[in-house]
Structures are given as C-alpha cells and as structure tokens.
Amino acid sequence: MITGTPKPIDEVLEMLEPYDNIILAGCHGCVTVCRVGGEKEVQVLASTLRLAREASGKKIEIREVSLERQCDPEYVEQMRPYVEDYQAVLSIACGAGIQFLAEKITTTPLLPGINTGFLGVTERQGEWTERCQGCGDCVLHLTGGICPVTRCAKSLFHGPCGGSVRGICEVDKEIKCGWQLIIDRLVALDQMENYGKLKPYKGWNSARDGGPRRIIREDMI
Amino acid sequence: MLPCTGRIDEALLLKAFENGADGVMVVGCLEGDCHYISGNIRARARVKRVYAILEQIKIGPNRIRMYNLSAGEGSKFAAYANEFVDQIVELGPSPINLARGGGVQAAKEEETT
Ligand code: SF4
Ligand code: SF4
Chain A
1 MITGTPKPID EVLEMLEPYD NIILAGCHGC VTVCRVGGEK EVQVLASTLR
51 LAREASGKKI EIREVSLERQ CDPEYVEQMR PYVEDYQAVL SIACGAGIQF
101 LAEKITTTPL LPGINTGFLG VTERQGEWTE RCQGCGDCVL HLTGGICPVT
151 RCAKSLFHGP CGGSVRGICE VDKEIKCGWQ LIIDRLVALD QMENYGKLKP
201 YKGWNSARDG GPRRIIREDM I
Chain B
1 MLPCTGRIDE ALLLKAFENG ADGVMVVGCL EGDCHYISGN IRARARVKRV
51 YAILEQIKIG PNRIRMYNLS AGEGSKFAAY ANEFVDQIVE LGPSPINLAR
101 GGGVQAAKEE ETT
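Sequences listed follow chains A and B, in order. Using this note's numbering, you'd call the opening residue of the first sequence number 1 and step up by one each time. Using this note's numbering, you'd call the opening residue of the second sequence number 1 and step up by one each time.
Quick caveat, the hints were computed from the structure, so don't treat them as lab data. We put the beta carbon where it would ideally sit given N, CA and C, even for glycine. Treat the hints with care, as some may be off.
Stated by the list, open to error - For each label pair, taking beta carbons as the anchor points, the in silico distance ranges come out as:
(1) B/GLY32 to A/ILE216: 38 to 44 Å
(2) A/ASP72 to B/GLU31: 39 to 45 Å
(3) A/ALA102 to B/ASN62: 24 to 30 Å
Unchecked claim - Below, in silico cross-link-like pairs of lysine-lysine (BS3-like), each with a Cα-Cα straight-line distance of 27 Å or less:
(4) A/LYS7 to B/LYS15
(5) A/LYS40 to B/LYS48
(6) B/LYS76 to A/LYS58
(7) A/LYS173 to A/LYS197
(8) A/LYS197 to A/LYS176
(9) B/LYS15 to A/LYS58
(10) A/LYS59 to B/LYS58
(11) A/LYS7 to B/LYS58
(12) A/LYS59 to B/LYS48
(13) A/LYS176 to A/LYS104
(14) B/LYS15 to A/LYS59
(15) A/LYS173 to A/LYS154
(16) B/LYS58 to A/LYS40
(17) A/LYS7 to B/LYS76
(18) B/LYS48 to B/LYS15
(19) B/LYS15 to A/LYS40
(20) A/LYS40 to A/LYS59
Just need the whole structure built from these sequences, with the hints factored in.
Below, the structure is given as structure tokens:
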C-alpha cells in the first residue's frame, strides 16, 4: 500500500487560514489501511480543525467526505455536484489522489493534509516499512523475494558494499543490510546460482529517471 | 453511556468538545477486567491521543482523563467525578466555550441565579 503520515496540525491550520468553508476528503484505499486518510481520520481531523478554528475566533465549516478512491475518475466525479460550494478541498489521500483531484477539479484549490510516504507493508499496528520503489523491471525472482532497489540503501545490484557489517547497513544501525538478507535467503533456498543471473547492469529507463511514467495496457483499452 | 469504553473513538471524544464540553471523563473497567479483553486498554490509548490533539490546538491539557474502576465502586466513582469536576472548574471554560461566550462559569452562574 501507499503509506503516509499526518501533516502537523499547525501546518494544516496555516494552509487553511484564508478559507472558512472547505471539503475535507478522505480515501477508502491505501490511506485507510495505514490509518492516515480514511473515514475515521476525516472525522478526527475535521473535529480538530473546527475546534482549533473556533477557539481562535475564526470558525470554519467543513464538509466531511470519503471517496472510494481518489485516484479513479468515477469516484472523483462524485464530488463535482457540490465542490463549487466550497472555497478549498483538503485531501488526506496520497499524493497521487490529491493531484488527481486537483487535475479534475480545476476551479477549487486542493491542499494536502498528509505527507505521502512510500510503497510499504504493515509490520504491526502503527509500524510500516518500505518494500518497493516501483522500478518497473522487477528482479525479485532472482533475489530471494527481497528487493535490492529498496532494501539496499544504495540500491546496489551486485552484492553488499564495504559498509555492510554483520548484517547491518552502514547508513543506519536500525537498517538491515539488504544484500545480506538477499544472500542469506538465496543460501537458504539453495538458489545461489540466481546471484550470477542478475543483469550485468540494471536498466533504469523503466524507473523514475525517465520522468513521470505511464502504463498503457492495449488489451484493456 | 456505552457498553464498553472500547467503543469510544477519537472522533467521539472530540465531538463532545465540539458540543460544548469543558472536560471529558472516560470511565472504564479495571485494566485486566475488560469483558471484551482489551476495550479499556484501547480506550486509554485513544484518550491519550485526544489529550495530545487538545494540547496541540491549545484547548487542553487536562481536559480529558481516563479513570478505571469496577461497577461495585460507587463511592470511588463519586470521588473521581468530584475530583474531575474540581479540576475542570479550576481550568475554567474551554476556549471553545469562551469563544461562544459560555462554559462552566456561565453554567455555574446560571445555576446560582
Ligand atoms: S488515492 Fe492514493 S491512497 Fe487512495 S486508493 Fe488511490 S493510491 Fe491509494
Ligand atoms: S525490483 Fe523493482 S519492482 Fe521489484 S520490488 Fe524492487 S523496486 Fe519494486
């Protein structure tokens, strides 16, 4: 899922300063699962903002909505009938969702209520960690299911750097060396021959380096 | 009245403040005694989160508190309730009620008139 963290409330209040009636839009997708932008978070943030604004003598009216997904046009359209009645939309979906709203709803300013994080997994309630950087050319079949792009702090492709000490990455004592994890797993799976199969170089043309990407599936159009 | 403090969530607690409460007292069963195993533990975490929110937006601190007692401790309940009310009276009306021109003070004045 796409993860994120709430923006500090003072920052949100500062963004909302010019407005006195807004829509607060959540998303039932990823941000609901990582507890940062779902229906519940909409309720809590709306109450918080109303209280803060009223206490400061400048009341704000907030319409609370939660779209199924902010990254799909049919759900974004659901806001169209009433969006013009409000001065701004504060979205607590991921950056993709917020931008998609901004693209489709061009007459109303869109504000981000969260800081979008990464593609990750839930370790336990309240803890998420990164797993994939969407490189566009997955090699997990050769690396024991552990992503070198993400789990190696330097995205190396051919084994650990000299900073790997007893399985710990030199970047941070809390980070396990991605390459140590990969080698250990390959040994355990008796698949060390895969190590030699890694491409001589990793092509990054399918990754972010070529600018914003697009997927077109002719079979689905 | 809720059957278990586990049903309380942050939104509900904040709503109470929006509806004009100067303080919110959450009373749950004794820890380890929850009929639903961890309802009161969850409630405590949520109360803590709302405490932090209220502090951030300068409505708190000390306007929300969780107490734990058993259903048989009537006199303890009364003592806790009195303690909390005293605490809130001392704090005075919440900034929301001040902005609305009311709160504990106003309520007290109303009572005495
Ligand atoms: S808008 Fe973002 S958070 Fe919501 S479903 Fe789409 S990708 Fe996930
Ligand atoms: S190799 Fe690329 S696609 Fe596969 S998990 Fe890593 S970043 Fe994601």
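For each hint, the structure was consulted:
1. B/GLY32 to A/ILE216: 38 to 44 Å: 58 Å, violated
2. A/ASP72 to B/GLU31: 39 to 45 Å: Holds, since A/ASP72 and B/GLU31 (Cβ atoms, about 44 Å apart) stay within the stated range.
3. A/ALA102 to B/ASN62: 24 to 30 Å: For B/ASN62 against A/ALA102, whose Cβ atoms are near 41 Å apart, the range 24 to 30 Å is violated.
4. A/LYS7 to B/LYS15: Holds, at roughly 21 Å.
5. A/LYS40 to B/LYS48: 17 Å, holds
6. B/LYS76 to A/LYS58: 41 Å, violated
7. A/LYS173 to A/LYS197: 30 Å, violated
8. A/LYS197 to A/LYS176: Holds, at roughly 23 Å.
9. B/LYS15 to A/LYS58: Judged against 27 Å, a Cα distance of about 18 Å means the pair holds.
10. A/LYS59 to B/LYS58: 15 Å, holds
11. A/LYS7 to B/LYS58: With a Cα-Cα distance of about 17 Å, the restraint between A/LYS7 and B/LYS58 holds, given a limit of 27 Å.
12. A/LYS59 to B/LYS48: With Cα atoms ~26 Å apart, A/LYS59 and B/LYS48 stay inside 27 Å; holds.
13. A/LYS176 to A/LYS104: Between A/LYS176 and A/LYS104 the Cα gap is close to 42 Å, so the pair fails against 27 Å, i.e. violated.
14. B/LYS15 to A/LYS59: Distance ~15 Å between B/LYS15 and A/LYS59 Cα, so the pair holds.
15. A/LYS173 to A/LYS154: Since the Cα atoms of A/LYS173 and A/LYS154 sit roughly 15 Å apart, the hinted pair holds (cutoff 27 Å).
16. B/LYS58 to A/LYS40: The hint holds at about 22 Å.
17. A/LYS7 to B/LYS76: 41 Å, violated
18. B/LYS48 to B/LYS15: 16 Å, holds
19. B/LYS15 to A/LYS40: 13 Å, holds
20. A/LYS40 to A/LYS59: At roughly 22 Å apart (the allowed maximum being 27 Å), A/LYS59 and A/LYS40 satisfy the hint.
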